[in-house]
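Keeping the supplied structure of chain A fixed, place chains B and C upon it in accordance with the hints.
Chains as they are written, first to last, in the working numbering: chain A, 1 to 701; chain B, 702 to 984; chain C, 985 to 1138.
What the hints contain is simulated information worked out from the structure, not anything from laboratory work. Glycine is no exception: its CB is placed at the ideal position from the N, C-alpha and C atoms.
Now the stretches of chain B that chain C is said to cover, found in silico as 3 or more residues with beta-carbon under 8 Å:
no., stretch
1, 747-757
2, 760-766
3, 803-817
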Amino acid sequence: MPAVGTSLARTDGPSKVTGQARYVADMVVPGTLFARTIRSSIPRGRITGVRFELDDGFTVVTAADVPGHNRVALIADDQPCLADGRVEHAEEPIALLAHADRLALARAVVHVAYAPEPACLDPRDSAEMFKRIEIAKGSLEQGFAAADLIVEGEYRTGHQEQLYIEPHGVIATPEDGGITVAGSLQCPYYVHKALCVLLGLPPHRVRVVQTETGGGFGGKEDYPSIIAGHAALLAWKARQPVAVLYDRQEDMAATTKRHPAVIRHRTGLTRDGRLVAMDIDVLLDGGAYTTLSPVVLSRACLHATGAYRCDHVRIRGRVAKTNTPPNGAFRGFGAPQALFAAEVHMDRAAEALGLDPVALRERNLLRPGDTTATGQVLMDDCSAGAVLAEAVHRTDFRARREALRGTSRGIGLALFFHGAGFTGSGETMLASRASLELTPTGVRVLASSTEIGQGTRTALAQIVAEATALDPSAVEVAAADTAIVPDSGPTVASRTCMVVGNILRRCGETLRRRLGSLTPEQYLRRHGPLVVSEQYERPAGLEWDDVTYRGSAYGCYGYGCDVAEVEVDPDTGAVRVIALTAVIDVGRAINPGLVRGQIEGGSAQGVGYAVLEDVVMREGRMANAQLTNYAIPTTLDTPAMDVVLLEHPYAHGPYGAKGVGEIPINGPAPAIVNAIRTTGLDLRDIPATPERVLEASCASR
Amino acid sequence: MRNPGVGSEMRIPVEELELRRPASLDEALRMLRADGSLVPLAGGTDIYVQLNAGVAPGQRFLDIWGLDALRGIAVHGDTLRLGALTTYTELLASPVVGEWLPMLIEAARQVGSVQIHNRGTLGGNIGNASPAGDTLPVWAAAEAAVVLLSLDGERRVPFLEFQVDYRRTARRHDELVAAVEVPRQDGAQWFRKAGARAAQTISKVVMAAVRSSPPRIALGSVAPVIVRARRAEALLAAGAPIADAQAMLLQEIAPIDDVRSTAAYRCEVACRWLARFWEETRS
Amino acid sequence: MRFTLNGRPVDTTAHPMARLLDVVREEFGLTGTKEGCGEGECGACTVLLDGAPVNACLVPVAHAAGHDVVTIEGVPNAETLRETFVEHGGTQCGICTPGLIVAASVIPQGATEHDVREALAGNLCRCTGYQGIYRAIAAAHARSAARAEPGRRE
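Pulled out of the complex, with its shape left as it was, chain A reads as follows:
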C-alpha cells in the first residue's frame, strides 16, 4: 500500500482522545517551584526603583542575575530578557519570583516606580524603523504613462492573537551542570540558542525538549525563548525545577501577536483591465523590539502585488517600532495582511473599470513562465489560473453573484498565493539537517521539526515509509529533544513537509539502498548501527540577492482561491459567513486528511481575522485580554466549508508536495470583505466588526 497520498489516521490520535497526552501543565512534579512575572504597567520610561515585600522562601531574579548576556537571541539583539533600568512597552518583564507555594506567590507585593516617558503608539508616528525594503521592477513612470485609469486605496489590518487553546508554559530543571527545559514550543533550537546566550553555557549543557504542544500557529515560534529564559534563570538561581505557566490573560496581554498593517496601493490599469503599474507602500507595526519583524516585512512585501504579473512595480516596505508589546509570527507571517490589501484593491479596480472581478483576475494572474516583482520565473507548478477556474466553476460564482444582487447577502472571492519555505537565502542559511536511524523494527526519524497539531509525526512518517519502502507503522518519529535530534530548522514558514520532508526522503532512499534485501533487524545484526543524515540542498537555479532583493524569493508557491458567501444583518452590521469554498493547490497531498484539516483550520482562523478578532489597544496594552472579550470563532460562527485540493507538483518537494500550513489563512479575509462589498458596503479595514460595518452602512446611505 502506498504511504504517500493516503489519509492515514494520525499516529498520536489515541493519546489525545483518551486524555493521556501530557502537556507541560500536566507535568509539574512535587518539588517544582511556581513562578510569577512582574511586568511593566507603563509603555515607556525609566525604572527608578523596585521594592519587594516578600515572605521567606522566595527566589528573585532581575536583570542583574543574568549569568550570560541579558538578550533574547533572535535576529537583532535588541530585546532584553528582563528589563534593565528602562521599559519599552507595557507588560515588559521586569522581575521574576519563584516559590513552592502558589498562595505565597500570589500574596507577594512588588512595587515598581517609574519615570514615564512619551510613548509612540501608532506606527505612522514612529521615527524608528526596524527594517526597510524596496522591491523595484521596470519603471513606474513608464507604467503609469500607459494607464487609462489609476485606482488608489488604503487598507488596514489589526493585531490578531494566535489563541492556541493551551497557553504558554515551560519547566526548567538544573541538571548535569547545565539546564534542561521542557515546554510548549515550535522551535527547540531557537530556544537552545537563546538559553546558551542568556546563561553563558556551552551548547552541550543546554537541553530543550518539546512537550506535547496544544497549538502554536507561530505564537510559539520565538516567544518560548523568553519564557524558557525566565524559567531557566529562576531554576539556575534556585537550584530547583521551576514551572512558568501562563494563564490565558497573561498570555494574551504579554505575548506576541500578528503585525498590524497599513498598506497603500496606487495601481495603473488599461481600459481592458491589464495591470500596467503597481506602486505599493507597506507599513507594519513591529511593537517595541525587532523580534522577527524584518522577515515578516519581507514576506509582506514579496506578496504585496497579489498573484498577478505586472511589468512595472515598486514596493516600499517599513516596519516601525512602537511602544507596544512586540509582535511576532502568526500563520501567514505578513502575507495575510498583504493579500487582504491586494485582493480588496483588485475588486475595487474591477468596479472602477466596470469589469467582472473574475475577468480582471483572469487577465492578469501569474502563469508558468511569468516573472514576479523580484524577477523569479515561475515554473509549471504555477496554478493560479487553475484554482481560480475551479473555485468560480464550483460555486457558480457569476450566477450566484447576480442572484444575490440587491439582497443582504453577498458573495466574493480572493485569489492568493504563498511562498513555501524560508524567504530568499533563508533555507541555505538554516542549513537544516535531518537523520534516519535504523531500529530493529524499522527506522526512527531524527529531526527538530515539531508536532503542534498539524500532523508532523504522521506526515513525515509517511514520507519516510514511501522512501524506505517500509510500512508507516515501522517508522517512529523521535521526540523533538535537542539532546538527540539534529537541527532541521524551525517548524514555521510552511517548510516542515516540503523542506524537511524532502531531506528525509533523501535519507530514506539512501537507507533503502543500504538495506538492500535485508530487513532492518538483519542489517543491524550483520552490520551494526546505521544512521543516515542529510542536509538541505538548494535546488539548482534558485538564486537570491539579499542586497538588491532580486531573484527567486521562494522555492515554490502554493496557490489558492476562496469564495465566501456572507449575510449582513441590516440592523446590527453583524456579518455571518454562511459558506466558504477553498480551492488550494498543495502540489501533492502527502496525507489528504491532514491537509484538509490544515485548510479547514486555517480558513476558520481567516474568518476570525476577517470579522471577529479585534485586539483593542488602550495606552499601549491590550484592553480586552480575556476570552470573554476577544472573540474567536465558535461552532456557530464557522461556515460550512467546501475544500478542494488540487495537485500541481513542485519538482523539488517530496513527491511533489508544496508547503500548505499557512496558505489557507490568506484567502478568507479578502473574500469575505469582497462579499460584503457586493451588499453595497465599502470596507477597507479588518476586522469587519459590526461597528465598522454599520458605520459603512451609514456612510452608504
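Just chains B and C now, kept in the frame of chain A:
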C-alpha cells in the same frame, strides 16, 4: 501568574474565601440575617469569572445551589413563577415557558454554551444586575416582579424598581432572590441581542419588547441599568412617526464606549431595532 | 466532601470553593481535563456533573459533594467517538479534545449538524475549524446505530 495592578488582576486565592453551606432554605435565611456580608453563590458562572479576574464580590459566600425550594416553574392563575435557581437548560426544556415567554427562550438560547446553560440561573442573572445580563430586558419588558425572601417572608418588587444602579439591587442583606413572577403577556414578543459573535458573547446591546397597548420596550447594555423606553413607547402608541420615537429613544438611553463597543453603535442599533420591532410585530 | 469520580467513590479535603478543575487535576491526578481560560469560555475543562456538561473551572468542589463527576478518563459510551475522532480528523493538537469528547458524548443519536453545532458552541477549537469534529460525530453516530441494530451483519 499575572501581574497585579495592570488591569489584569490575579485570581483570588480560595484560601481567602469562606463558604457557608446551609442544609435548608430556613438555615440559609438565618445565616443571611446573622451575616449580611454573605454573597449568595448559585451556579458560579458569574462569581467564578469575577474571582478569576481578581475581583472579589465578597469574602464569605452562601451556597444556595442545593436549595431545591428555590427551583421550580409553576403557573398560578395569570402568573408564571420561575424559581431563582432555574437554569437556562430548564428554561429551554420547559413547554410552559415556551408558551408564555418565547422572548425568554430566545434570550436563553443565545447564551449559546451548553455548559453555561447547565449552571447559569435566573436568580444569578437578576441578583448580579449587570446591564448586560441576558434575561434582564425580558423582565423589564414583561413587567415582572422579583420575589425576595427573608425570615420575615416574601416581598415582591417590580423588576424596574429592583435594579437600583450598576450591579446594585434593592435586595436587602438578609434576603435571597427566591423567584421571578411574570404576568401573562398581552402581545407579540420580540428579542434581539447583538454580540461579538453568534454564541458565548456579552451583549453590545440587547432588546426585549412586547407589542402590547402601549408597547413595552426594554434595552440592556445602554445604561447602568436596564432601560424601559417609556417615552418612545408612548410616542409609538400615539401613532407618531418612527423617526420621532427613535429620536426620543436616544434621549432615554445613555450608552458608553467600552472595550466591547461604542456609544454610537449602541445608539444606531437601538434605533434600527425600534423600527424593526414595530414593523415585524405590526399584525 | 465525598463524591463519585468516574464511577468510584472519592473523598477530598480541598477548600469547598476550590475549583473542581483543580481538585480533579491536582488531587486526583486526572490531568486529561485542561485549563484553557479560567473564564468558562473555552470548554477545555468540560466534565459531566450528574451527566450534564459543565465548565469545571466555574464549579466549586462543594457542588460535587454527593454527586457524580465524570472526566475524559472515565466518560462512558465514548469508545466509538474516540475511534472516529482519530479517523476523521476530529483532533489535531489535542488540547481541546478531552473537553470536546465529554461534551460530544451526551449529544443524542439523530442529531443534525446544526444540533451538533449548538451542542458544542461552548467548546473552542483553534486547529480544526470544527469540520473534522462534525465528521467524527456523524461517523460515530452512524457506526453506533449500525452496531446497535439487531441481526445486522458487520
